[in-house]
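From first to last, the protein sequence lines stand for chains A and B.
Residues 1 to 242, numbered by the numbering used here, are exactly what the first sequence covers, in order.
Residues 243 to 590, numbered by the numbering used here, are exactly what the second sequence covers, in order.
Calculated from the structure, these hints are not laboratory results.
Treat each hint with caution, since some may be false.
Claimed, not checked - In silico negatives: residues of chain A with every beta carbon more than 12 Å from chain B:
id, residue
1, F5
2, H83
3, I171
4, N200
5, R229
Stated by the list, open to error - Only pairs whose alpha carbons sit at most 25 Å apart, straight line, appear in this in silico SDA-like list of lysine to any residue:
id, chain 1, residue 1, chain 2, residue 2
6, B, K504, B, K443
7, B, K443, A, P84
8, B, K446, A, I40
9, A, K43, B, K516
10, B, K516, B, Q468
Even for Gly, the Cβ is constructed at its ideal location relative to N, Cα and C.
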Amino acid sequence: MEKIFFRTESLYDVATHYCPGCGHGIAHRLVAEVVDELGIREKAIGIAPVGCAVVAYDYWNFDCSEAAHGRALAVATAIKRIHPQNIVFTYQGDGDLAAIGTNETIHAANRGENLTVVFINNAVYGMTGGQMAPTTLLGQKTATSIEGRQKEKHGYPIKISEMLALLPGVIYVERVSLQSPQEVLKAKRAIKQAFENQINNLGFSLVEVLSPCPTYWGQSPKEALDWIRDVMQKEFPLGRIK
Amino acid sequence: MEKKKILISGNEAIAEGAIQAGCTFYAGYPITPQNELIAYMAKHMPEKGVFIQAESEPAAINMVYGAAAAGARSMTSSSSPGISLMQEGISYIAGSQLPAVIVNIMRGGPGLGNIAPAQSDYFQATRGGGHGDYHLIILAPGSVQEAYDLTQTSFDLADKYRVPVMILGDGILGQMMEPVQLSTKKIKANTFKGWALTGCKGRKPNIVKSFFLREGALEEFNLGLQKNYEIIRKKEERYEGLFLSDAKVILVAYGTMARIAKSVISQLRSIGEKVGLIRPISLWPFPQEPFNLKNKKIKYLVVEMSYGQMLEDVKLAVGGRQRIEFLGRSGGGVPSQEEIINKIKKIL
Ligand SMILES: Cc1ncc(C[n+]2csc(CCOP(=O)(O)OP(=O)(O)O)c2C)c(N)n1
Ligand code: SF4
Chain A
1 MEKIFFRTES LYDVATHYCP GCGHGIAHRL VAEVVDELGI REKAIGIAPV
51 GCAVVAYDYW NFDCSEAAHG RALAVATAIK RIHPQNIVFT YQGDGDLAAI
101 GTNETIHAAN RGENLTVVFI NNAVYGMTGG QMAPTTLLGQ KTATSIEGRQ
151 KEKHGYPIKI SEMLALLPGV IYVERVSLQS PQEVLKAKRA IKQAFENQIN
201 NLGFSLVEVL SPCPTYWGQS PKEALDWIRD VMQKEFPLGR IK
Chain B
243 MEKKKILISG NEAIAEGAIQ AGCTFYAGYP ITPQNELIAY MAKHMPEKGV
293 FIQAESEPAA INMVYGAAAA GARSMTSSSS PGISLMQEGI SYIAGSQLPA
343 VIVNIMRGGP GLGNIAPAQS DYFQATRGGG HGDYHLIILA PGSVQEAYDL
393 TQTSFDLADK YRVPVMILGD GILGQMMEPV QLSTKKIKAN TFKGWALTGC
443 KGRKPNIVKS FFLREGALEE FNLGLQKNYE IIRKKEERYE GLFLSDAKVI
493 LVAYGTMARI AKSVISQLRS IGEKVGLIRP ISLWPFPQEP FNLKNKKIKY
543 LVVEMSYGQM LEDVKLAVGG RQRIEFLGRS GGGVPSQEEI INKIKKIL
């Protein structure tokens with residue numbers, strides 16, 4: 001019998017710690033598949049964030065570092081400048097990239113660092129117990145917006161991708177979703193594009209991945225996927241932004 | 243090769259010393275009184291080296307973290323408020339066992355304080371400064387030449403022990419100009435670091451991290467750090483001692499303050515007063531050996547540009563055997579020769 005599905009070399013054969021229905025596991029696998037398909041496993045250097053994906057290096061089979069909360073793009077900037085031949089990427093949540101790390105994010109993008117960013121937007125702080133994130137939707141209930149996010153009190157969900165697309169140093173921004181198998185395939189294509197851009201020395205690429213957090217959305221895994229489609233994708237429209 | 247002598251400032255000497263030591267990565271953010279350092283690095287970083295003016299001190303120190311993780315000899319510099327902002331990154335560098343050099347050219351605080359020289363970051367430097375059980379090796383040069391030499395030592399110590407090393411100076415040292423004998427030491431370019439992130443070709447993946455989730459794992463790791471610190475304590479004490487054999491009063495001062503103390507000593511010795519000096523060069527580990535004096539009648543006078551921070555280390559080192567007096571000013575005030583002499587006269 002012909003074997004048509006292989007274990008991805010860049011992903012260890014271990015169980016992840018993520019909750020049932022979480023998007024992080026899928027996103028990890030997409031990154032790993034892309035790294036393998038591009039043949040860059042031995043050149044890859046990943047930066048894990050502080051957030052639910054803090055131990056991503058327990059799952060990825062290539063060189064990795066972790067960064068303090070929000071600082072991944074400062075760390076990545078230096079690693080890439082020291083080893084321009086390596087392929088360096090950060091993997092960051094919305095709290096990490098769009099709250100505490102906004103400064104590092106904007107400036108690495110504005111310098112046009114030749115880096116790839118996989119930005120997991122689950123509209124909540126997962127690791128610390130489901131508090132409001134800068135990306136939390138209006139009306140969305142979290143541990144720190146008990147009545148639902150209100151624009152008067154909390155401001156609006158931040159659209160980091162659209163903001164970054166304004167910067168000349170940024171060459172590619174796309175928003176994708178893990179909402180259905182078709183969307184997952186599109187997400188993989190975008191992540192691959194973002195890595196190819198780096199291989200071709202084009203500059204700063206970011207893929208924003210709308211990702212379910214059933215645990216802190218208080219939903220079943222299936223409901224969470226529907227919520228991405230029916231609610232989240234309306235606030236954060238999919239597609240290529242730049 | 244003939245040894246060259248040049249006239250430069252302390253800030254520039256540190257920068258030149260770093261380049262001579264093979265520093266190929268510098269990231270920093272401007273702050274007075276260390277701006278000549280960042281400018282010098284921008285101008286003189288070798289072609290293959292990387293200079294980045296970061297967007298903030300947290301970014302700068304985390305860039306240093308990244309470059310160190312990638313195996314480069316990396317450095318940043320700042321002054322007091324900037325160093326406060328870097329503490330997060332410094333703790334992560336210590337926790338990830340990365341070598342790096344951090345320069346603090348101190349100014350007056352707390353808060354925005356002023357831009358006058360001070361020594362009031364001693365506690366922050368020697369007690370860790372950031373969160374967690376860690377130390378930096380702290381070296382305090384007393385001249386521009388020493389600033390140059392100790393910067394080279396810093397990189398070697400950082401690599402040897404895989405710890406961050408801080409050069410602690412103040413605005414006077416940073417800005418004063420003195421002739422410096424350049425070294426002809428050959429740098430061991432790109433010393434191989436098996437743990438560094440270079441891509442996993444032909445080996446298992448390397449991970450640089452400071453996160454230990456499994457029960458007991460962090461305690462185990464921290465005990466390892468402590469063992470390393472114990473070795474450093476034993477091997478890396480540095481100090482200068484002057485006239486200790488017959489001294490009745492021993493001044494204890496470091497950095498710029500020690501230069502003033504030296505002038506006091508030559509003045510008093512010329513009229514036959516028996517005064518000596520202990521100048522700690524490593525502030526962590528704090529030198530214990532020179533304080534092992536048996537004569538109960540010796541008195542110490544600790545002089546600082548702060549309100550008694552090093553004083554605590556002197557007390558620990560002396561262990562109650564002799565009397566300790568203190569003279570300190572801060573916030574831009576520098577104890578003068580006169581003030582010190584008056585104080586000594588009272589003690590004698
Ligand atoms: C300096 C600092 N502040 C706060 C925290 C606590 N913290 C850990 S993860 C996290 C939020 C993570 O949220 P996000 O980036 O959205 O990732 P997720 O867990 O949702 O995947 C916070 C606030 C920390 N580790 N360090
Ligand atoms: S808390 Fe949310 S983001 Fe974190 S692992 Fe669980 S589902 Fe995933």
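A cut-off of 12 Å on Cβ-Cβ distance, and N200(A) was said to be off the interface with chain B. Does that hold? Answer for N200(A): holds, closest chain B Cβ roughly 18 Å.
Holds or violated: K43(A) to K516(B), with C-alpha atoms at most 25 Å apart: Judged against 25 Å, a Cα distance of about 65 Å means the pair is violated.
Verify that the Cβ of I171(A) lies farther than 12 Å from every Cβ atom of chain B, and report whether the claim holds or is violated. Holds, because the least Cβ-Cβ distance between I171(A) and chain B comes to about 20 Å, which exceeds 12 Å.
For K516(B) and Q468(B), compute the direct alpha-carbon distance and say whether it is at most 25 Å. 40 Å, violated
Checking the smallest CB distance to chain B, is H83(A) really beyond 12 Å? The claim is violated: H83(A) sits with its nearest Cβ about 6 Å from chain B, within 12 Å.
Distance restraint between K504(B) and K443(B), which requires alpha-carbon spacing of 25 Å or less: Outside the cut-off at roughly 56 Å; violated.
With d taken as the least Cβ-Cβ distance between R229(A) and chain B, does d exceed 12 Å? 34 Å, holds
Agreement of K443(B) and P84(A) with the hint, judged by alpha carbon distance not exceeding 25 Å: Given that 25 Å is the threshold and the Cα spacing comes to 16 Å, the pair holds.
Check whether the Cα positions of K446(B) and I40(A) lie no farther apart than 25 Å. 15 Å, holds
Could you let me know if the closest chain B CB is still more than 12 Å away from the CB of F5(A)? It holds; F5(A) is separated from chain B by about 24 Å at its closest Cβ, greater than 12 Å.
The earlier numbered hints that this structure contradicts are 2, 6, 9, 10.
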